[in-house]
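Engineer: Using the hints, position chain B against chain A.
Those protein sequences? They're chains A and B, same order as listed. Residues 1 to 409, numbered by my numbering, are exactly what the first sequence covers, in order. Residues 1 to 239, numbered by my numbering, are exactly what the second sequence covers, in order.
These are computed hints drawn from the structure, not numbers from a lab. Incorrect hints may have been included.
Unchecked claim - To be clear about the criterion: a stretch of chain A counts as covered by chain B if any three or more of its residues have a C-beta under 8 Å from a C-beta of chain B, and this derived list gives those stretches:
1) 313-321
2) 377-386
To be verified - Some, not all, of what chain B presents toward chain A, calculated at C-beta under 10 Å:
3) Arg61
4) Ile69
5) Pro76
6) Ala90
7) Leu125
8) Met132
9) Ile180
10) Arg208
11) Val211
12) Thr218
13) Gly235
14) Ala237
Heads up, the beta-carbon is just placed ideally off N, CA and C, and yes, glycines get one too.
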Amino acid sequence: MKKVFEIFLGILTAFGGFVDIGDLVANAETGARFGMRLAWMVVVGVIGIVIYAEMAGRVATMSQRPVFDVIRERLGARLALVNLGASFFINLLTFAAEIGGLALVIELVTDINYLLWVPLVAIAVWIVLWKVHFSVMEKIFGLSGLALIVTVLALWRLDPGLGHTFASARQFGPPPAESWPTYAFFAIALLGAAMTPYEVFFFSSGAVEDHWTRKDLIINRANVYIGFPLGGLLSLAIMGGAAAMFLPRGVSVGHLSQLTLPVSSTLGTAGLVFLLYGMFAAIFSAALETALSAGYTVSQFFGWQWGKFVRPREAARFHVVVLFTICAGVLIALTTLDPIIVTEYSIVLSAAALPLTYLPILIVANDPAYMKDKTNSRLLNAVASGFLLLLIVVALATIPLMIWTKAGA
Amino acid sequence: MRLADLIGSVVVDANGDHVGHVGDIWLVQDGPPIGMFGAALRVDRLVIGRFGLASRAGYDRPDLRGPAIIAWLLRPRTSHRPVASWSDIAAIEEGRIRLRSRVGNLERPRSLEQGATGRGWSAGLELLDRQMVDPDGRMAGKVDDLRLEMRADGPPVVTDILAGPGALARRIGGGLGAWIASMDARLHPGDPATISFGVVTAIGDHVRLNVSRQDLPTFDAEAWARDHIIAKLPGSAEA
Numbered sequence: 001m002k003k004v005f006e007i008f009l010g011i012l013t014a015f016g017g018f019v020d021i022g023d024l025v026a027n028a029e030t031g032a033r034f035g036m037r038l039a040w041m042v043v044v045g046v047i048g049i050v051i052y053a054e055m056a057g058r059v060a061t062m063s064q065r066p067v068f069d070v071i072r073e074r075l076g077a078r079l080a081l082v083n084l085g086a087s088f089f090i091n092l093l094t095f096a097a098e099i100g101g102l103a104l105v106i107e108l109v110t111d112i113n114y115l116l117w118v119p120l121v122a123i124a125v126w127i128v129l130w131k132v133h134f135s136v137m138e139k140i141f142g143l144s145g146l147a148l149i150v151t152v153l154a155l156w157r158l159d160p161g162l163g164h165t166f167a168s169a170r171q172f173g174p175p176p177a178e179s180w181p182t183y184a185f186f187a188i189a190l191l192g193a194a195m196t197p198y199e200v201f202f203f204s205s206g207a208v209e210d211h212w213t214r215k216d217l218i219i220n221r222a223n224v225y226i227g228f229p230l231g232g233l234l235s236l237a238i239m240g241g242a243a244a245m246f247l248p249r250g251v252s253v254g255h256l257s258q259l260t261l262p263v264s265s266t267l268g269t270a271g272l273v274f275l276l277y278g279m280f281a282a283i284f285s286a287a288l289e290t291a292l293s294a295g296y297t298v299s300q301f302f303g304w305q306w307g308k309f310v311r312p313r314e315a316a317r318f319h320v321v322v323l324f325t326i327c328a329g330v331l332i333a334l335t336t337l338d339p340i341i342v343t344e345y346s347i348v349l350s351a352a353a354l355p356l357t358y359l360p361i362l363i364v365a366n367d368p369a370y371m372k373d374k375t376n377s378r379l380l381n382a383v384a385s386g387f388l389l390l391l392i393v394v395a396l397a398t399i400p401l402m403i404w405t406k407a408g409a
Numbered sequence: 001m002r003l004a005d006l007i008g009s010v011v012v013d014a015n016g017d018h019v020g021h022v023g024d025i026w027l028v029q030d031g032p033p034i035g036m037f038g039a040a041l042r043v044d045r046l047v048i049g050r051f052g053l054a055s056r057a058g059y060d061r062p063d064l065r066g067p068a069i070i071a072w073l074l075r076p077r078t079s080h081r082p083v084a085s086w087s088d089i090a091a092i093e094e095g096r097i098r099l100r101s102r103v104g105n106l107e108r109p110r111s112l113e114q115g116a117t118g119r120g121w122s123a124g125l126e127l128l129d130r131q132m133v134d135p136d137g138r139m140a141g142k143v144d145d146l147r148l149e150m151r152a153d154g155p156p157v158v159t160d161i162l163a164g165p166g167a168l169a170r171r172i173g174g175g176l177g178a179w180i181a182s183m184d185a186r187l188h189p190g191d192p193a194t195i196s197f198g199v200v201t202a203i204g205d206h207v208r209l210n211v212s213r214q215d216l217p218t219f220d221a222e223a224w225a226r227d228h229i230i231a232k233l234p235g236s237a238e239a
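Extracted from the complex, chain A is given alone in its bound form (with noise of 0.2 Å):
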């Protein structure tokens, strides 16, 4: 009976805490300008991240080694620090954008310019990480993310049966008004947005902090199974709802307060209210994981004590890696460069990262050595191929495409 609960629980705060920035700003931007045109590469992400952090959950369950423990034996230590510097620049990244997106949630409610703001909720961000248990901080804000339902709500009132939503769902290629690039290049953002690489380095390491073992597998299979895909229908719903209200009238998404719209018109306050409250939590949660993850990638990289399930002193060097990628964040926070576009190029770099990551995950997911009995299916193996190409030609194509649509501008 425990058991079923906490595998409940796992599910409802993984589905709560899936959504983050990158998937606000990327799904309602693609909803305002491609309809639900795109619709089907939040499919192809879920699918993705699903695969592989599952994959990641299984090698640091059974092998009490997370990822960048198994990147840096796979890939040699010159590889495997050249995906450091990348990942922990796109991670600084998305930091930022997540800080940035937070202050301008409170900005939303209080309208005191989200500068103000980007300072209290980086000491906020530090005061949870410092303090606050590693599962109750998990759980507290994965489920307090799932007040983002109200999304669903609003896109139902929009379009009532979800007639044009399928409809437009259906068809394949750019609107009239679009073209073939910016299509592709949207297409990467959301592929980005789905499956920053964070998400595996905070998946693979929470495996370790929660001190998951060979029994656990099921609540890791069950949550990333069950959990991420309802997080998923939260991408659509925003994205719908995007399509429904902005699509029509021609208007562009560039500022998070057109996010709200579809709610607030549609089911009031009380529904901005549920809003409001779950973006911030879910955004929170991503700012604690990418934090988190900053840290966890270079201690393990470097073989120092790492994690929240030892005393800030005896994990130093990992807490000094934290705080000071809280500095940095705020200081590009700060330059008031606009978090939008900040969380724009941190998802569209973060497709372009993924293969130096997965790889390793999906070799050492195969490797009875570190894996005993719970090596990959057949069919596992050929999806996760599949999707590694598929990775590899959206690492080639992002830089050319984002010089050549000016960022889908």
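Structural biologist: Then chain B, alone, in the frame of chain A:
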């Protein structure tokens, strides 16, 4: 000498023909006893050829089979590389190893073979880059390099683990390695942190040590970060 001095060296045969670069080193545990570890690891053979992802992935082992497409791409690139025994070596020069025999006479085994005298290890796959863990389960750095002791009467043995950015820099090489080395030399002048192989109790998913991490030289930087930054923040000693 360090393992990193051998790895990457150019190998030429008795005719002066280029054979390749040393990619990996196979060790056998049959040296003179060293502390808890028992018989020391002895350099057995040099594996010649690139030691990249293909080798690291481990597809030369029969038990690693999937995913099919990656195995198909990588497996042919790892097995049957030329391997030189220590006794084949005529001279070790700066960055160059000269062999007594001709390239055609070198053995080309399919994969690491277990010796009759002790367990065989691939240094590159099973030792380097592994996480070290102390008796309390605390992480104590990575195996960044190994120190070898030359012996008059036979192949060198592994005496110490070298750890820290200074040791790692030599393995990274190039401009980046040189930069890391110079940064590290400024912060920690002198040799890199050295841990006797005699405190190693097991080599597996992790390299287990029987000395607490506070008593290892790799702990200096951690202690500095703890005393100067983390301990100054309120609540750092609470769970």
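Engineer: State for each hint whether it applies.
Structural biologist: Here's how the hints hold up against the structure:
With 6 residues having a Cβ less than 8 Å from any Cβ of chain B, the stretch 313-321 of chain A passes the three-residue criterion, so the hint holds. With a threshold of 8 Å between beta carbons, the proposed coverage of the stretch 377-386 of chain A by chain B holds, since 5 of its residues qualify and at least three are required. A cut of 10 Å between beta carbons decides the hint on Arg61 (chain B): the least distance to chain A is about 8 Å, and the hint holds. For Ile69 (chain B), the shortest C-beta to C-beta distance to chain A is roughly 5 Å, which falls under 10 Å, so the interface hint holds.
Hint status for Pro76 (chain B): violated, given a least beta-carbon distance of 16 Å to chain A, over 10 Å. The interface hint given for Ala90 (chain B) is broken, as the beta carbon of that residue sits about 29 Å from the closest beta carbon of chain A, more than 10 Å. Below 10 Å, beta-carbon pairs count as interface contacts, and Leu125 (chain B) has one with chain A at about 8 Å; its hint therefore holds. Hint status for Met132 (chain B) relative to chain A: holds, with the closest Cβ pair at about 6 Å, below 10 Å.
Look at Ile180 (chain B): its Cβ gets to within about 9 Å of chain A, closer than 10 Å, so that hint holds up. Look at Arg208 (chain B): its Cβ only gets to about 12 Å from chain A, farther than 10 Å, so that hint breaks. The beta carbon of Val211 (chain B) comes no nearer than 15 Å to any beta carbon in chain A, farther than 10 Å, and the hint placing it at the interface is violated. Given the 10 Å rule on beta carbons, the hint for Thr218 (chain B) holds: about 8 Å separates it from the nearest Cβ of chain A.
With its C-beta approaching chain A no nearer than about 6 Å, Gly235 (chain B) sits inside the 10 Å limit, and its interface hint holds. Hint on Ala237 (chain B) holds. Least Cβ distance to chain A is approximately 5 Å, under the 10 Å limit.
Consistency with the previously given hints fails for numbers 5, 6, 10, 11, ordered from lowest to highest.
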